[in-house]
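Protein chains in written order, with my numbering: chain D, 46 to 716; chain F, 46 to 716.
Please note that a few of the clues may not be correct.
Any copy, or any two copies together, can satisfy a pair, since identical chains are not distinguished.
Here are the simulated lysine-lysine pairs, BS3-like style, with alpha carbons at most 30 Å apart [to be verified]:
no.	residue 1	residue 2
1	Lys606	Lys423
2	Lys295	Lys465
3	Lys612	Lys174
4	Lys423	Lys581
5	Lys689	Lys539
6	Lys613	Lys154
Calculated from the structure, these hints are not laboratory results.
Number of protein chains: 2
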Amino acid sequence: MPLGDNLGDKSDSRYCGVETEFNDDMPHVLSYNINGGFDFVVAPLMEPGYRASMVNSANRESSVLPFAGSDLVLSPAQWSSHVVGKISSWIDLDSDDDVLREDSEIALKQELAWASHLSLQACLLPTPKGKSCANYARFVNQILENLNNMQLWLRIPLVKSDDNDDDSVNGTSDGMVVEPTDSWELWNSFRELCEHHSQLSVALDVLSSLPSVNSLGRWFGEPVKAAIVHTDSFLTNARGYPCLSKRHQKLLSGFFYYSIQIVLSGKAVHNLPVGSSASASGQTDNYTQQAQRHEIRSYLDYVGYLYQKMEPLPEQEHFFLLQLYCINVDLYLIMQLGYRDFLQSPLQPLMDNLEAQTYETFEKDSVKYIQYQRAVSKALVDRIPDENASTTTVVLMVVGAGRGPLVRASLQAAEETGRKLKVYAVEKNPNAVVTLHSLVKLEGWENMVTIISCDMRCWEAPEKADILVSELLGSFGDNELSPECLDGAQRFLKPDGISIPSSYTSFIQPVTTSKLYNDVKLHKDLLHFETAYVVKLHRLAKLSPSQAVFTFTHPNYSPDKSNQRYKKLRFEIPIETGSFIVHGFAGYFDAVLYKDVHLGIEPTTATPNMFSWFPIFFPLRSPVYVKAGSPLDFHIWRCCGSTKVWYEWCVTSPTASPIHNCNGRSYWVGL
Amino acid sequence: MPLGDNLGDKSDSRYCGVETEFNDDMPHVLSYNINGGFDFVVAPLMEPGYRASMVNSANRESSVLPFAGSDLVLSPAQWSSHVVGKISSWIDLDSDDDVLREDSEIALKQELAWASHLSLQACLLPTPKGKSCANYARFVNQILENLNNMQLWLRIPLVKSDDNDDDSVNGTSDGMVVEPTDSWELWNSFRELCEHHSQLSVALDVLSSLPSVNSLGRWFGEPVKAAIVHTDSFLTNARGYPCLSKRHQKLLSGFFYYSIQIVLSGKAVHNLPVGSSASASGQTDNYTQQAQRHEIRSYLDYVGYLYQKMEPLPEQEHFFLLQLYCINVDLYLIMQLGYRDFLQSPLQPLMDNLEAQTYETFEKDSVKYIQYQRAVSKALVDRIPDENASTTTVVLMVVGAGRGPLVRASLQAAEETGRKLKVYAVEKNPNAVVTLHSLVKLEGWENMVTIISCDMRCWEAPEKADILVSELLGSFGDNELSPECLDGAQRFLKPDGISIPSSYTSFIQPVTTSKLYNDVKLHKDLLHFETAYVVKLHRLAKLSPSQAVFTFTHPNYSPDKSNQRYKKLRFEIPIETGSFIVHGFAGYFDAVLYKDVHLGIEPTTATPNMFSWFPIFFPLRSPVYVKAGSPLDFHIWRCCGSTKVWYEWCVTSPTASPIHNCNGRSYWVGL
């Protein structure tokens, strides 16, 4: 039974599982727990006492393995929807004891083969026993190589010792350097050994004490599929019911947000008030009358309560504002949720012509045009004093007019400020020009608007402009070649003319995003690892605040102007974050349209409710491991050739990566 | 003029160059230096004072660049054989000064384009100016992407500060950690950024003081093409002539051995005795009479003297012994020199039948058979007391008899010890059996030798053997499936019978070998990075002594025997070595034939003058950077399936690599 309703959430985070002990009677296990309100069980598949080495080798072939029931005791749908297999927790493939190691290999192989036979969706692998897990990883890697669709969840306790305790970091005992414990390192070794296999993921064991917020954040970029919350991690509220600390609550919100399923584990450790049947959240319980109440139902109820009272998703919090602005909520949701972590190749706006559907979508982004209207209004007022408003006509050119939204915003600004306007709408796409003509006719703008069907870089303007309005920005600001286009158009701007936007700056930050890395890797080629993608980032960890990269200012009258750029950035990540892995860099832009009117997607200053731009993602060919406290140095170049513009990028610290996209061999934007 | 003669050396180390200053008159530069005894010049191509930014931009296109002469002043052969281009040393592509950076980019581009136009074999790139070299590397990487065959030699000073000075390692000044200086790190960053490009190599600047021997060793695995020795690094001998310290002499021997060309640099700093014209080595100088004596000729003479008195190559030191054993010296030299660093796929001895040529070559390895004869002799004497020698016949089976060399060795042992022998020669290759029959007839062994044309794993022997003799060893001991074959043959060995060999052990050590890495990379696929190669290792740095890996003992009567193995090895490399890169692992074997008679190729205990086995090389898919003082953990598994045997391997420290060759997907030996 899903945890309840939460606005718009259709993800797996609605479901909650429970970890059970071995029981031969699987139908009972399932009915007890499903009736108790859980959606699935994490159940051992084999009797925990069984060891291959205890069976006489002559009998080994004839004997029946002590599995929990035959495949017939549940329907195929029940096995696959409601059971996660729990591999025997005693197994230890890195033990020094040869017998134990051999028994472990046999058990792991038999249990995974059985789980695979049952078509389970996932199996929970026990936590590696020591710091070394190479043999365990080698064995799992061999199995992954030939596995069906089953996921393997490696159980990792959520622990990290405090780095501030200097003794534990640098202290020596018996001549050995004692490293602080960080279970992330164990996971990282295991998955590196298994080559970041997409079917290997994490089940986090959430214990009563939690590591620092910074270090928790890393996990959201990792493929965490489940969080196992132990009953003894719960506190007791004033009424005697289980509840969680504020920090645990916040962590669970994160799990819900990132579609990580909760699994409850352990026995009831709270003595509930006698005769009580109401749940902690005050809801009535439909099941208590008809069936035995589940032993840990009160914990489940509390998790359901947290889920239902969860803060709305960031994407949803502006619903009322959206309605206020008459924004199409469905479209907005599609843009914000439907495209999550979906990699798109950036547009080639100069080489290709946009399609009608693309114009249609972007024109609905009212917020963007409101900002443009505000910028034009301010520029008009600055340019023409009130006393000249009725006598002076301002020449405004919209370069890259598309199907006219900026023409409309400019005319509205003129009307709002009472200024007289003459508009040239310059557009290179002949298909968009058709629409422009019909718009002008429909709106009766014939006296004010002149349509020019021409590339702004070639057009010979009959007069010079007071104001040049453009929207040629990409997710990374200059990546759709706004600098080159506006340099070309600058010829017909008056020396004291205004460009809207007047400047724009790109921003970048390092991220962990196992999801996107694996999506890029699917292509099995260099080209896709050297391409920047437009992507609605969701399942990722932002490891450091973003930093400014390239700035372009218009108009640009510097004598030896070049649009080539080089930037070196150093990201200092707090040592308490622990070590982490960088899969790539997330990029954004912020544009100053005019004076204090800006527009952008940099997370800390993003224009609310705007959906025209997703971030950009620059991948790394090999994920870079950064040890706790080490700085991360990133370099990026904007290179210009005679026919194309491209970026090259690399990391030089903690270790040097190859230079990506040398000479724009994989990814470039045509001029 | 080559440095002189040294037994068998036909490599580039015979040649010596000289670094010159800018001179417009290239024919003069060349004739002065060639007549002075040098083989090539390292000469600046462009006037050092020239800066693009100083030229009026209007004139820039029309003006002639101040190169040293036109391409016509020398013949194409002279340019390509005798001139290495020296790129202007002032260039600094990572300067904070934008003008300098831009001038540097222009100069580097112009000079390399000119060098390329002249078809020079190599250009010397100046040392990066600071610790950061990302922009320099990016620019060079772009050029490498489209370069003709020209090599780029990055000039790197041979410096490394002393790590034993604890203050410099961990001390802080102004809150910054002061890292020790190690120019290898600079090189490593640069080449990582350029993706280990095979046309990017190193020219080492040898200064008057040298880093530790351990740290020097690293460089022999790197693509060092030239060593620039400065005149002020020379000492003065008793007669007033320049000479080098013992440590410098040893280093130069290394350069000669690894075919690294010497380039002399600098002015004469020794005042030679007046009127002297004899060189330091006492040779008469043919050139002093006919031409102006070269200013630094005495330094060149000294280098020539060192070259000529160089220790014979390790491969050559046993020439006399070879002749003593009647070993074909030419064959030996081909095996030792001709196959240097040539990657060969290992044999599939069970699946394929060897060809006659292969038998021919290996049968010439007399040393091997002498060892077998010694082992059989000792075993015969142990088995049969003198008093029973004439009455008891020993049953000896040669399994894998090939064309008979072990049969011969066994019969010679019997003769030598006066024991009576009955030999079964078991061989699966029907082609070899033909030769065996004719050998037996020719030698008159019909009464002593029975030939069995059968796979030893299937043969039903008519009686049991006292002694089982085999030579099924690969470079890594068990890699040609000796364990599986001998397990199969053990059925027909008496319970107290003797196996020769009685055991064998594999060994492994980490190596830097840029050469082999680039050769593997050429294939551009995963398969070749997950294959172990048989290779006569030459141009590599051995970073640590080898360690034992797997041991197999025969006969093996343990109840639950398995030939699967797993070994974890930790290599602790002295901190004074500095950081280094591991391209893979070199493997060897040592076999105990009988008691103290052994046979093997592990470098410290290798059987002299034996050429049947080259080492084995396990590559790593991505070279692993190991920071100074960090341990290197290596894991290797021997896995057995029903139809094949294979290895998997990985590194887990300092960082985890993928598991190589999962399930034997790339490389395996068929059963």
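We went through each hint and held it up to the structure:
{"no.": "1", "hint": "Lys606 x Lys423", "in the structure": "within (28 Å within a copy, 87 Å between copies)"}
{"no.": "2", "hint": "Lys295 x Lys465", "in the structure": "neither (55 Å within a copy, 87 Å between copies)"}
{"no.": "3", "hint": "Lys612 x Lys174", "in the structure": "between (45 Å within a copy, 18 Å between copies)"}
{"no.": "4", "hint": "Lys423 x Lys581", "in the structure": "neither (32 Å within a copy, 77 Å between copies)"}
{"no.": "5", "hint": "Lys689 x Lys539", "in the structure": "within (28 Å within a copy, 79 Å between copies)"}
{"no.": "6", "hint": "Lys613 x Lys154", "in the structure": "between (49 Å within a copy, 22 Å between copies)"}
The structure fails hints 2, 4 (numbered hints given earlier, in ascending order).
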